[in-house]
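Participant: Now for the letters of each chain:
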Amino acid sequence: MTGNVNLKELEKRAFKSTFQDGLWDIQLGLIILGIALTAFITNDYFLIPYYAVIIVLFIAAKKFITVPRIGLVKFGKERKKSMNKLRLILVISVLFGLAMVLITKRDMLSGIIEFPVGLIIVSLNVLIVFSLMAYFMDFERLYYYAVLVSVSFPMAEILEVNGLISNGSYVFLVSSGIMVITGTVLLIRFMREYSVEKANQ
Amino acid sequence: MNGPDKPFSDIDKLIHEPARLKIMAHLYVVESADFLFLMRQTGLTHGNLSAHMSKLEAAGYIEVEKDFVGKKPHTMLHLTNQGRAAFKEYSKKMKQLFDDLI
Chain L
1 MTGNVNLKEL
11 EKRAFKSTFQ
21 DGLWDIQLGL
31 IILGIALTAF
41 ITNDYFLIPY
51 YAVIIVLFIA
61 AKKFITVPRI
71 GLVKFGKERK
81 KSMNKLRLIL
91 VISVLFGLAM
101 VLITKRDMLS
111 GIIEFPVGLI
121 IVSLNVLIVF
131 SLMAYFMDFE
141 RLYYYAVLVS
151 VSFPMAEILE
161 VNGLISNGSY
171 VFLVSSGIMV
181 ITGTVLLIRF
191 MREYSVEKAN
201 Q
Chain A
202 MNGPDKPFSD
212 IDKLIHEPAR
222 LKIMAHLYVV
232 ESADFLFLMR
242 QTGLTHGNLS
252 AHMSKLEAAG
262 YIEVEKDFVG
272 KKPHTMLHLT
282 NQGRAAFKEY
292 SKKMKQLFDD
302 LI
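Chains as they are written, first to last, in my numbering: chain L, 1 to 201; chain A, 202 to 303.
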């Protein structure tokens with residue numbers, strides 16, 4: 001039994017090593033930054049190319065920064081299954097998010113539910129999705145980000161309604177900043193620890 | 202060999218060597234990995250890993266797949282069915298051995 005546990009730990013450690021580069025932190029931070037940018041950019045559709053660029057940059061960074069430093073690995077069936085579950089959750093979450101945006105844009109909720117209810121739903125959606133990502137990816141930092149981002153939604157509303165800040169989106173600048181800075185520190189540390197020169201020796 | 206030494210002599214000595222045990226264990230928990238990934242995970246040097254890999258490959262425990270990542274040639278390593286079975290058997294025998302000793 002102990003043998004099984006240790007092999008599981010070994011697999012978990014190998015999997016975790018593929019995201020010690022901080023790129024996930026930076027990517028998620030930049031995604032949240034997109035919400036903050038809506039305060040400065042009036043065209044809502046800018047988020048589509050913005051998110052597309054983030055995803056392309058993430059894939060390129062994995063290919064040109066991470067893989068040359070720690071190598072390439074294909075994980076077993078169990079890990080693939082849990083990653084497929086995660087993908088399904090993310091697709092459902094994105095569809096749910098889009099539906100919420102559509103409903104809010106068309107004002108379909110007016111008279112049915114009050115705005116704070118929508119806010120709570122979005123906040124809970126973020127909390128659940130980030131926590132599930134953390135669980136399926138064995139990525140503990142994501143639990144903190146789950147709390148940080150989900151709290152940002154009601155915080156933004158409270159601060160804006162009470163006139164403490166001119167636009168609630170500024171709150172997301174703080175949460176995204178924390179994530180991007182954490183990721184950048186981890187990325188620098190990763191690049192120092194695993195140099196390409198050492199990998200080629 | 203019979204008698205009290207039999208359980209010890211039954212242990213697969215090729216796997217029992219610490220560096221090779223590390224390599225086998227790491228390859229057992231994944232589908233396949235490249236040379237660099239194994240080097241990082243096991244903490245072995247290039248030369249050391251290469252030497253142990255050759256022994257494991259000669260025994261038929263690991264297989265080397267050569268493919269291309271973009272235009273660059275890339276070598277992935279994975280345990281063969283024989284290697285997987287040998288590792289399972291090794292861990293079973295070691296567990297049994299320690300159970301009997303205590």
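Hints listed in this document are in silico derivations from the structure and should not be mistaken for laboratory results.
Don't be surprised by glycine CBs; every beta carbon is placed ideally from N, CA and C.
Errors might be hidden in some of the hints.
What follows is a list of derived Cβ distance ranges for each label pair [stated by the list, open to error]: (1) 42/L with 247/A: 35 to 41 Å; (2) 266/A with 192/L: 30 to 36 Å; (3) 53/L with 252/A: 42 to 48 Å; (4) 299/A with 158/L: 58 to 64 Å; (5) 159/L with 296/A: 55 to 61 Å.
Below, simulated DSS-like cross-link-like pairs (lysine-lysine); rule was C-alpha separation at most 25 Å, straight line [what the hints assert, rightly or not]: (6) 63/L with 85/L; (7) 272/A with 74/L; (8) 296/A with 267/A; (9) 80/L with 12/L; (10) 12/L with 85/L; (11) 223/A with 289/A; (12) 8/L with 223/A; (13) 62/L with 214/A; (14) 63/L with 256/A; (15) 80/L with 256/A; (16) 8/L with 296/A; (17) 12/L with 293/A; (18) 74/L with 296/A; (19) 62/L with 267/A; (20) 289/A with 256/A; (21) 16/L with 223/A; (22) 267/A with 63/L; (23) 12/L with 62/L; (24) 272/A with 8/L; (25) 16/L with 85/L; (26) 294/A with 63/L; (27) 12/L with 289/A; (28) 63/L with 74/L; (29) 8/L with 74/L; (30) 80/L with 8/L; (31) 80/L with 63/L; (32) 293/A with 256/A; (33) 294/A with 81/L; (34) 77/L with 214/A; (35) 8/L with 273/A; (36) 63/L with 12/L.
Here chain L is said to cover these stretches of chain A; the calculated rule only asks that three of the stretch's residues, wherever they fall, bring their Cβ under 8 Å from a Cβ of chain L [claimed, not checked]: (37) 212-222; (38) 251-263.
Participant: Could you tell me which of the hints above the structure violates, numbers in ascending order?
Facilitator: 1, 8, 13, 14, 15, 18, 24, 26, 33, 34, 35, 37, 38
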